[in-house]
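Chains as they are written, first to last, in UniProt numbering: chain X, 1 to 108; chain R, 1 to 108.
Hints were generated in silico from the structure; no laboratory data involved.
Careful: at least some of the hints might be erroneous.
Just so you know, same-sequence chains aren't split out, so a pair can sit in one copy or run between any two.
Claimed, not checked - Listed below are the simulated DSSO-like cross-link pairs for lysine-lysine, each with C-alpha atoms no more than 27 Å apart in a straight line:
#: 1; residue 1: K56; residue 2: K19
#: 2; residue 1: K56; residue 2: K83
#: 3; residue 1: K83; residue 2: K19
#: 4; residue 1: K83; residue 2: K72
#: 5; residue 1: K85; residue 2: K72
#: 6; residue 1: K49; residue 2: K72
#: 7; residue 1: K72; residue 2: K19
Number of protein chains: 2
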Amino acid sequence: MHPHPLCPKFEAAFELLGKRWTGLIIRVLMDGPRRFRDISDSIPQMSDKMLSERFKELEAAGVLKRNIYPEKPVRIEYALTEKGKALRPVMDAVQAWAEEWVDSEGEK
Amino acid sequence: MHPHPLCPKFEAAFELLGKRWTGLIIRVLMDGPRRFRDISDSIPQMSDKMLSERFKELEAAGVLKRNIYPEKPVRIEYALTEKGKALRPVMDAVQAWAEEWVDSEGEK
Numbered sequence: 001m002h003p004h005p006l007c008p009k010f011e012a013a014f015e016l017l018g019k020r021w022t023g024l025i026i027r028v029l030m031d032g033p034r035r036f037r038d039i040s041d042s043i044p045q046m047s048d049k050m051l052s053e054r055f056k057e058l059e060a061a062g063v064l065k066r067n068i069y070p071e072k073p074v075r076i077e078y079a080l081t082e083k084g085k086a087l088r089p090v091m092d093a094v095q096a097w098a099e100e101w102v103d104s105e106g107e108k
Numbered sequence: 001m002h003p004h005p006l007c008p009k010f011e012a013a014f015e016l017l018g019k020r021w022t023g024l025i026i027r028v029l030m031d032g033p034r035r036f037r038d039i040s041d042s043i044p045q046m047s048d049k050m051l052s053e054r055f056k057e058l059e060a061a062g063v064l065k066r067n068i069y070p071e072k073p074v075r076i077e078y079a080l081t082e083k084g085k086a087l088r089p090v091m092d093a094v095q096a097w098a099e100e101w102v103d104s105e106g107e108k
């Protein structure tokens, strides 16, 4: 029996990405900047309150940023940072696995 | 504004993988079958109760299986199934991203 020392960075990444809806939010933003309502409409089961929380967490983690356009009315868009865009291989790997191994009823 | 229809399989995969500790448990098992205590020792912050729950979920999802060896005392090992082993690219992608983008204090 030998303890397996896990990389704290790996743990931190999974704690961030592992939160409910986070993967989906990032995936939507992979297609480009979106407004709050666009993302909310893409994930109908998620409440707006939850989306606000996730945005705050992902912004704090440096994965996404808010762009504010001083139009009338003001336009606010959420976009991935470089750190966020770098998650594409993760999203692609999850997608590939899901397509091959998760059955079509979405069984977990 | 156009809703982005998200693949339910992708959602289901993230709901499974996104649970706390699940990524770490799978990563430990990537190195080969392990006994309960080995995994518990590898992730000291996780309670045994939580590990039992995760094992049940991952077994139900077909990601891992229990191997029971009729020795004295009985030996029980947990091992990834083919579906579980197929998660290696996901684990590798998360690891690569974490090493590049998560700072060394494990900031999220």
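Here is how each hint holds up against the structure:
no.	hint	result
1	K56 <-> K19	both (13 Å within a copy, 20 Å between copies)
2	K56 <-> K83	within (15 Å within a copy, 34 Å between copies)
3	K83 <-> K19	both (17 Å within a copy, 22 Å between copies)
4	K83 <-> K72	neither (31 Å within a copy, 51 Å between copies)
5	K85 <-> K72	neither (29 Å within a copy, 52 Å between copies)
6	K49 <-> K72	within (25 Å within a copy, 54 Å between copies)
7	K72 <-> K19	neither (35 Å within a copy, 41 Å between copies)
Checked against the numbered hints above, the structure breaks hints 4, 5 and 7 and satisfies the rest.
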